[in-house]
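Working from the sequences, and respecting the hints, build out all of it.
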Amino acid sequence: MLGAFISIIQRDLLLAYRRRADLMNPVLFYVIVATLFPLGVSPDAEFLGRLAPGLVWVTTLLAALISMESIFRQDFEDGSIEQLLLNPHPFSLLILGKVVAHWLITGVPMLLIVPVMAMLLHMPVQAVPVLWITILLGTPILSLIGAIGAALTAGFRGGGVLLGLLVLPLYVPVLIFASSAVSAAADGLAVSGQLAMLGSGLILALVLAPLAISASLKISMS
Amino acid sequence: MWKFLYRLSSLKYYYEWSGKWVPWLLGSTAVLMLVGLYWGLVVAPSDYQQGESYRIIYVHVPSAWMSMFVYVVMAGAGFIAIVWRTKLSEIVVSECAVIGAMFTALALVTGMLWGKPTWGTYWQWDARLTSELILLFLYFGIIAVHSVIEESRTAARVASILAIIGVINIPIIHYSVTWWSSLHQPNMLLVSKTPSVHPSMLYPLLVMATAFQLYFVSLLFIRMRNAILHRERLTSWVQDISTRN
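Top line first, the protein sequences correspond to chains A and B. One point on numbering: in the working numbering, the residue at position 220 of the first sequence is 220, and numbering is uninterrupted. Just add 1000 to wherever you are in the second sequence, counting from 1, and you've got the working numbering.
No wet-lab data here; the hints were simulated from the structure. All C-beta atoms, glycine included, are put in the ideal place defined by N, C-alpha and C. Some clues are possibly wrong.
Unchecked claim - Listed next, with one range per pair, are the computed distances between beta-carbon atoms:
1) B:E1151 / A:R11: 27 to 37 Å
2) A:R73 / B:W1002: 37 to 47 Å
3) A:L86 / B:L1202: 31 to 41 Å
4) A:V207 / B:V1098: 30 to 40 Å
5) A:L28 / B:L1234: 24 to 34 Å
6) A:L2 / B:K1003: 40 to 50 Å
7) B:T1235 / A:L36: 31 to 41 Å
8) B:V1098 / A:S42: 41 to 51 Å
9) B:L1202 / A:L208: 34 to 44 Å
10) A:S80 / B:L1206: 49 to 59 Å
11) B:G1027 / A:D78: 56 to 66 Å
12) A:L204 / B:R1007: 17 to 27 Å
13) A:L208 / B:S1028: 47 to 57 Å
What follows is the structure in structure tokens.
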């Protein structure tokens, strides 16, 4: 069972590696959107630094949302998902493997670029490690919740816009806890409460989301 | 009981059964609402701080309660639709989404109208307002599912899953938003403790709350009956009804 789980991850990582150019797209999106904020809001370092936690996290939500659309699309069209369903191993576990692979492909590059973006937006230096931890804890939740939406809309035309409508309200708690942790760190306050909430959110999502994703995929396939 | 529920899951049986209830439901809604409104708007004393403007609670509070209650009903129906795949509960899910969105919008609008004279602003990014707004977005998402996915049974099952996910998420969203900031006054009604509202104001509120419940049920029945007629328009029993009239 674990072997099947791992080979799903390997397969998806290999597929992603074969199309390395696509790996850069979420990161580029992230960098470009973050560049728009100083242009649109103000280049003033102090002002921008105060907004930075929120800006970085809203950008993260959007980048995560955009990357979600493709998670099941190809497998859905070529029938791989159906093969996974016919597989004797638990469907939700295999699907969790796909989500983990998707997070490795989209979340990990984000982890690398986020400190740079935070510096560009003049975020106080002491807040950057906390920002990094919130990204580490928060983006898997975004992937898990987003995968539910992607699974529900996979089989339908016009699913892309619908995905945002369905998923973004569910992202609200992550945004609140993560950005408030970063803001608190910027002000030199304790952040363990927010990080604990994010961690428990991650555990909850890890347990419940695979069930919802597999149920949703079954509906989309029927 | 089980036999009755089993028969109720047949759309035709439900249509006939609900037809008998609708006039009674509408009648009792009208009576209770008139009583509640008269009691609340005319008889109840004015507030010593807020004057007359507080009277909007007789619409605002029941609709805010209903906005959450309808969501729970929708999620319950969604669960039944996923597990037992009954058509009737699928119809409940899609109709509840519209009614719930309406109650949520009503709660938001009346809250804003009350906020202007009391807080001095229509909108404040406070915890309850924000979580009510997010609730409205969740309803919109479920309504949008029905417009994007054409096949109505698939749409209903997608909506059911969303409703169930939402019901797990709503407390999380609510508490996260509460934690984030709060300006709204705390709950004034806690059944287990002594309510902080004077009975002369409380009783008309409870009458209005009951009236809103009945209004919800009547509206749900009427909307479901329409949806059933539309969904089953090609079956012989619906054709019979349309030829009879």
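Status of each hint after checking the structure:
1. B:E1151 / A:R11: 27 to 37 Å: With Cβ atoms ~31 Å apart, the hint holds.
2. A:R73 / B:W1002: 37 to 47 Å: holds, 43 Å
3. A:L86 / B:L1202: 31 to 41 Å: violated, 60 Å
4. A:V207 / B:V1098: 30 to 40 Å: Distance hint for A:V207, B:V1098 holds at roughly 32 Å.
5. A:L28 / B:L1234: 24 to 34 Å: violated, 51 Å
6. A:L2 / B:K1003: 40 to 50 Å: Holds - the Cβ-Cβ distance for A:L2 and B:K1003, about 48 Å, lies within 40 to 50 Å.
7. B:T1235 / A:L36: 31 to 41 Å: Violated, at about 55 Å.
8. B:V1098 / A:S42: 41 to 51 Å: This hint holds: roughly 42 Å between Cβ atoms.
9. B:L1202 / A:L208: 34 to 44 Å: At roughly 39 Å between Cβ atoms, A:L208 and B:L1202 fall inside 34 to 44 Å, so the hint holds.
10. A:S80 / B:L1206: 49 to 59 Å: holds, 56 Å
11. B:G1027 / A:D78: 56 to 66 Å: Cβ of B:G1027 to Cβ of A:D78: about 58 Å, so the range 56 to 66 Å holds.
12. A:L204 / B:R1007: 17 to 27 Å: Taking Cβ atoms as reference, A:L204 and B:R1007 lie about 39 Å apart, which means the hint is violated.
13. A:L208 / B:S1028: 47 to 57 Å: violated, 40 Å
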